[in-house]
Structures are given as C-alpha cells and as structure tokens.
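Going down the list, the protein sequences come from chains A and B. Sequential numbering of the first sequence, starting at -4, is according to the numbering used here. Sequential numbering of the second sequence, starting at -4, is according to the numbering used here.
Simulated from the structure, these hints should not be mistaken for lab results. Check before you lean on any hint, since a few could be wrong.
As the list makes no split between identical chains, a pair holds if one copy fits it or if it spans any two.
As the list claims (entries may be wrong) - Cross-link-like lysine to any residue pairs, in silico, SDA-like; alpha carbons within 25 angstroms at most:
| id | residue 1 | residue 2 |
| --- | --- | --- |
| 1 | 142 | 64 |
| 2 | 142 | 155 |
| 3 | 142 | 63 |
| 4 | 142 | 76 |
| 5 | 131 | 60 |
| 6 | 142 | 156 |
| 7 | 142 | 201 |
| 8 | 142 | 74 |
| 9 | 194 | 170 |
Here's the letter readout for the chains.
There are 2 protein chains.
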Amino acid sequence: MSSLQEPTPIVRRPLHEEAADRIRDLIVQGQLAPGTRLNERLLTAQFGLSRTPLREAFKVLATEGLVELLPNRGAIVSQIDTVRLAETLAVMGALEALAGELACRNATDAQLNEIRALHYEMRAHHARGDLAGYFKFNQAIHLKIVKYSGNAVLNTTYRQMNGYVRRARYMANLSRERWDAAVREHDEILAALGARDVKRVKALLSDHLAHKLASVLAELGRPVAEQAA
Amino acid sequence: MSSLQEPTPIVRRPLHEEAADRIRDLIVQGQLAPGTRLNERLLTAQFGLSRTPLREAFKVLATEGLVELLPNRGAIVSQIDTVRLAETLAVMGALEALAGELACRNATDAQLNEIRALHYEMRAHHARGDLAGYFKFNQAIHLKIVKYSGNAVLNTTYRQMNGYVRRARYMANLSRERWDAAVREHDEILAALGARDVKRVKALLSDHLAHKLASVLAELGRPVAEQAA
DNA sequence: GTTTTGTATTCTGCATGCAAAATGAGCTCT
DNA sequence: AGAGCTCATTTTGCATGCAGAATACAAAAC
C-alpha cells in the first residue's frame, strides 16, 4: 500500500457542508440581507435536499456568527450591529498585525511578489475610481498577507471574521480622502513587507485597521469609539 | 406590555446545545481523550436524546475545532497536534495583548480588584506547590482580563481557542523555573494593569504568552519554533 | 376604529426509518 | 502463518413523520 491508493480520495462531500457554503456565500455577498428569515421548506426546495442536513448547516453558520438561531422560530441572517462590527474590526486589527509580523518572517519572495501584483491591480482600480474593483483587490491583499503568515489557525479565524465584516463594506461609504489615504497606507505596508521590517509592518497594519475601524464608526456615527483600539 | 411580561424567558433550551455543552466539557476537561471515537448510538443512550440533535451538536463542535468529522466514519475528538497548538498560542498571544490594552482602558477598579484577588489566590497555590490549583486561578485571571476588555467578540474567540489549548496543559510539564518565572510575570502584569499602563501591559502579556508557547514547544521538542511569534 | 380572542395554518424540534458505506469475522488459498 | 476475499453486522447520512410552538387571520367585543 504505497503508490496507487487514492489518486483522488473520492469521498462525497456531505450535503450539509455544501449547503453551508452556499448559504454562507449568499450572506457574505449580501444577497441575503441581514434580518432575512431562512425558511427551511423554501431552502430545501431550492437546494434539493432535506431538512436534516440544512438544519445542520444552520448550526454551523450560527457558530460562525452569520446566522442567528431563534428557538422555535428558526434562523435569520444575523444583523450587522455596530458594536459587534467595531469589536470585530478591533480583533482583526490585532490578528492582522500578527499576520504581518509572521509574513515578514515566513513569506517567500515569490509570495511577496504575488501580493505586490495584487497591490498594483488595486492601484489601477483606484486610479480609475472603480470602488468595487478596488475592494476586491484590497480584500485579496489582506487575505494573502494573513495566508502567507503560515499560521493556519490565524488564517481561518481571520477569514471567518472577514465574512462577518465584509457584508458591511457598503455601509462605510468611504470618502475620497479616506480612500486615498488607505491606498497610501497600502504603499507603505508593501514597502515595509518588501524590506521585511517586522516592527514597521506590524505598526502599519495595526494603524491601517484602526483607521478603517474609525472610518466605519464615523460613517455609522455611533458613540462606541471608546472601546476600540 | 411593560412590566410583567417575562420574569424568566422560559424558552426551553434546544437539545443540541445541551449536548454540545456536555460534550465540550468532557473534551476540554480531558475526560474524552483526543482520538476517541464519538459513537452516536452510545451517546444518544447516555444523554437520552435522539441522533438528530446529537449530530447537530457534532457539527458545532467541529467548527469549533474540538471534534473532527470523518465523512461516513463519524466524529472523533480532534488530536492536539503540535503545530496547531503552537499556532493557536501565537494567535492567543495577539488576542491577549489586545485584551490587556482594552482592559487597561475599560475595566473598572472593582474589576481590577477581582483580578487582583484571583492573583493572590494563585500565588497561594504556587507557594504551596499546588499545580492544579495554580492552573485553575491562572486560567481564571487570563479569562477575566479578556472578559474585562469589554470586547465580546474578543472574549468568545479567546475562550474558544482556550478550549482547544487547555487540553494540552498537562503536556507542558512546567519546570519549577518556568513556573516561578510565570508567577513573576503575573506580578508585573498586575502592577501594570493597576497603573493602567497600556503599553506595558500589552508588552508583558505578549511576552508572557510567547514564553508559554516556547515552554510548550520545548516540552514537546518539535522544531516548529520558527513560525511562532 | 381599535383591541382582543379564537382558530386554522405554517413552521420548527426531534424521533425514527431506510439505504449506502464502513467495519470486522470467518473462510479460502497460497 | 499470512494475505486476500466474502458476507454479516454495525454505523453513518439523509429523508420523512409527528407533536408542539408560533404565526396569521378573522370574527367578536369594547
């Protein structure tokens, strides 16, 4: 038992995972607005499976925080409440600072070049004033930095939080000033990463996220600014 | 509808939550060793419920990382692998540094006094050489700091990771030197917290966790030390 | 006109049933 | 004795059924 055992480990993917992925995408991409009720009968019909695996998916999404389970009243897409959003961004700041530190140490040059490429793509969209395109590459850069930290736990934790926060991106209606500033911050982050300057990367990422948090909070005008980093 | 509506919101707790809690406790407290198979029939008999809610609980525990789901082969208590342990501790270090910072700002004096009390209890157990008692209060202190950060997302994230890590505590067979050093570090942390010295608390907690990580890794003798903070 | 009450319908929570996959025991063949 | 095969048993994955809770709606009371 050595070479030709399993070219492809053909184990059918459990239905509940499939369902969880599909619903997660719908939520994260904003197709299912916060507060929307997730009707079991409806979704089973739509996905072509029975209630059991669907309900299992609900449980998973609930522990991920994307869905809220009301006893005897089913599941709703969780509200994006301001406090939780701020809290999540604060935590993501800490995570990303760590990610930057580790990426400085562990990322290969090729990986840094990948990030660099994404950065220039992002700048291109910024130059054109294409906000949606900008967001896409911005996201990709941050996810890559976290990924190339080489810490899998960090990666999954971050991605999960990102799923929650991402839905709020249209809420922060990003002023032109903030947008330009964010791009400049990215320039600096990239430079520091290239120089493998741990301390600087860490500080820059921490600040970057703090600014993002501040801009989101400003946009939402809530007086919860105190408890953020 | 104002005053006498719901003295206690008597909504029966879903069975799957109950089950998840019970199994989680068994795993975290080490009564269910890593690798143990979780037989559905057995557990349903033991808990007095049917397979459906039990399986829902499995899904939750799986997303929490305490249980591994093998398609068509059921659930096993997840192994504590060294790499993941190290990665988790690194992330917890970042989280706890943030927690310390926020606690400095947000914790009330009464809350700091609570932590202080726990600290002296811990010292008492250390003085007696009572390792189990020491661990208990040590845990409690760290959890309180995180809790009094006032950031709920941080709190739940930290607690979840702690659940995974806690099972490994007996693995790190803590030398007397490291034990003494840890206690001294706690002294300093407490002092800095009392002085509300954000920068210092942050640094101390970060170092404290890094030392813990190093000691665990040393004990386990794995060459994964590079990728930690 | 508004609120309350009664009732029908829908939906959730959980148990159970059934088919497919995995495990294990015994057997055969080398 | 050990490796491979067959078949019975166990176990998982999923669908469905049923009871109770929640919701919706309409008629009645104020």
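Contradicted hints - numbers only: Checked against the structure, the only hint that fails is number 9, while the rest are satisfied.
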